[in-house]
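Engineer: Taken in sequence, the protein lines are chains W and U.
Following my numbering, the numbering of the first sequence begins with 330 at its first residue and continues without gaps.
Following my numbering, the numbering of the second sequence begins with 330 at its first residue and continues without gaps.
Hints listed in this document are in silico derivations from the structure and should not be mistaken for laboratory results.
Incorrect hints may appear among the rest.
Identical copies look the same in the list; a pair holds intra-copy or inter-copy alike.
List of simulated lysine-lysine pairs, DSS-like, C-alpha gap at most 27 angstroms [stated by the list, open to error]:
1. Lys390 with Lys483
2. Lys524 with Lys638
3. Lys390 with Lys436
4. Lys390 with Lys524
5. Lys495 with Lys638
6. Lys638 with Lys483
7. Lys398 with Lys638
8. Lys524 with Lys389
9. Lys524 with Lys436
10. Lys398 with Lys383
The residues making up each chain are set out below.
Number of protein chains: 2
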Amino acid sequence: MIRIAIFGFGAVGQGVAEILMQRERIERWIGRYEVVAVADSRGSLCSEDGISLKEAIEVKKRGSLPEGKSVMEIIESMDFDVAIEATPTNIETGEPGLSHIRACLNKGSHVITSNKGPLVVAYKELAELAKRKNVKLAFEATVGGAMPLIKLAKRDLAGNEIISIKGILNGTCNYILSRMEQERLSYQQILAEAKELKIVEANTSYDVEGIDSAAKLVILANAVMEMDATFNDVEIVGITSITPEAFEIAMEKGYTIRLIAEASRDGLRVSPRLLPLYHPLAVRGTLNAVLIQTDLAREVFVIGRGAGKIETASAIISDLVDIYGNDRTN
Amino acid sequence: MIRIAIFGFGAVGQGVAEILMQRERIERWIGRYEVVAVADSRGSLCSEDGISLKEAIEVKKRGSLPEGKSVMEIIESMDFDVAIEATPTNIETGEPGLSHIRACLNKGSHVITSNKGPLVVAYKELAELAKRKNVKLAFEATVGGAMPLIKLAKRDLAGNEIISIKGILNGTCNYILSRMEQERLSYQQILAEAKELKIVEANTSYDVEGIDSAAKLVILANAVMEMDATFNDVEIVGITSITPEAFEIAMEKGYTIRLIAEASRDGLRVSPRLLPLYHPLAVRGTLNAVLIQTDLAREVFVIGRGAGKIETASAIISDLVDIYGNDRTN
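Input sequences plus hints: build the corresponding full structure.
Structural biologist: Pasting the structure below:
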């Protein structure tokens, strides 16, 4: 019996809960399980025998989880085998996720996280701690949403040297730029329209200034390319000063503009770059697209949904199967 | 000590040998190994203590391997842990690969193959035999060359239901069609030019008639979608009657034409289809591109090199690491 704790119960945490409610499907992969705790910043539901996820989602929809144990109290007082850490990202302090992950690893629980903050701030410390405690720290959901980027680069391309990783890691920027390409409207017009249509969130500064992409790039560089990079190592230029005229000139020559994050031995960089219009990375809409350049397999591109409640939850579930499951290759 | 036998010593077999000669790199992944036999249809080099791959490649370059044990004699008389089966594909009989793989699995050796024939003819039998003998049958190299398609769909997307797989599985067809798109020349002109430039092989009928794509589709359907499909289940239309006029009309509307192989619950089909010019599957040149449609992660596209000596060998090496190695996720 696998005992699961879910910390953070926003879109991603609820997405995980919705998938875990499909008990028959998930038990085919990992065997029997119970969710013994669900907690957010204001409350929690806990039971050693397993809580009702349906109830947790309904309670949350009506307001917030009932007052109860805090995440740290749950970690200290309850038995669970794996924690799903899906609290909000803070890339400066890594908190509260960083303390949660540290405490879980220290007590010998596996951790699966969608939270970029702790990994940007303390990847090396956490990876070494997990190794020392002989548990897994899995974080497929932190980069590229549903795309299995980390598993692909670290495992499926085994035997290869990874030369560089580059691509589009932020769907909001890509939505804005690909609309500018198609409509030749200004950055401001597209952004305002997208906010009105609720395609992008109200506060997009993390996105459009390249900060979100840079955080993901740091995680890829450390996890896949075995670098020891921090956020300050990334040279960052956002998309806020790209004009319709820049697109005009680019497109006359058969090019478009995308915000590209790149990690190579030359360093880490996030910046708007020209791409041939037919280039596999020149995707449209909110898609993410990444090119993994290796010495044997050469170029491998992955394109998919970089965000979304169920899409991100899917990456967390794939990590869960990775830890406990029998995959389809057996 | 892992004892490896290589059967088939054309481009792929030699590519594997070249990578295995980088002993320091590969031992980091799988530990100590020796290649105890290399055989092709006309001869072999064998030694229980390990042969020199450098010598094998040099001998082969000068003509063929020295007369010696046949593949079947090697399987019967020698000890090895894993066979790399890279003999030429025959999708009607599966031979000689089918007999090789059967015999290896039966004696309890793992098999890694780049040979589509045996899997198209007898996937189910071979998969069940491997399971019964508790050994691995790995075949990443049969579909999509260097692209880790099978590992991605079967393992990285664990927890997902795979709804359909569709895409471009033949680089020769894609080269011809994407050149027709760009140059508006006839199929015959592009083909003749490509043969002259040695971009495609002299005999392309397997490619342009859609047979190669169909064979790969059968493997994907059986291995990833758990179907029980055979070659005759595939509805096949090739690319030989596509005219420049067809491209003209498609492109006026913002579309292009590609040879698409698709497996879904509606069946298996290989046929030329319209794609929006900016669609992620509308890649150019000899690239392959595949869309895996799932219920949770939604669309995941993979694009990469579908063929090539080292690229295909890379997939075989990744299978070898999969069987014996410690991947980078630990």
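Engineer: Determine for every hint whether it applies to the structure shown.
Structural biologist: Outcome of the hint check:
1. For the identical chains of this complex, Lys390 and Lys483 are neighbours neither inside a copy (38 angstroms) nor across copies (35 angstroms), given an alpha-carbon limit of 27 angstroms.
2. For a Cα distance limit of 27 angstroms, the shortest separation of Lys524 from Lys638 inside one copy, 18 angstroms, qualifies, whereas the shortest one across copies, 49 angstroms, does not.
3. Taking identical chains as interchangeable, the C-alpha atoms of Lys390 and Lys436 are never at most 27 angstroms apart, the minima being 32 angstroms within one chain and 59 angstroms between chains.
4. With identical chains, the CA atoms of Lys390 and Lys524 are at most 27 angstroms apart within one copy only, with a shortest distance of 23 angstroms there and 64 angstroms across copies.
5. Taking the shortest Cα distances, Lys495 and Lys638 sit within 27 angstroms of each other both inside one copy (24 angstroms) and across copies (25 angstroms).
6. Taking the closest pair of Cα atoms, Lys638 and Lys483 come within 27 angstroms of each other both inside a single copy (25 angstroms) and across two copies (22 angstroms).
7. With identical chains, the CA atoms of Lys398 and Lys638 are at most 27 angstroms apart within one copy only, with a shortest distance of 25 angstroms there and 59 angstroms across copies.
8. When the C-alpha separation of Lys524 and Lys389 is checked against a cutoff of 27 angstroms, the pair qualifies only within one copy, where the shortest distance is 25 angstroms, while the shortest distance between copies is 64 angstroms.
9. In this assembly of identical chains, the alpha carbons of Lys524 and Lys436 never lie at most 27 angstroms apart, being 43 angstroms within a copy and 64 angstroms across copies at closest.
10. Proximity of Lys398 and Lys383 under a CA criterion of 27 angstroms is satisfied intra-copy only: 20 angstroms inside one chain copy versus 65 angstroms between copies.
Hint compliance for this structure: hints 1, 3 and 9 are broken, all remaining hints hold.
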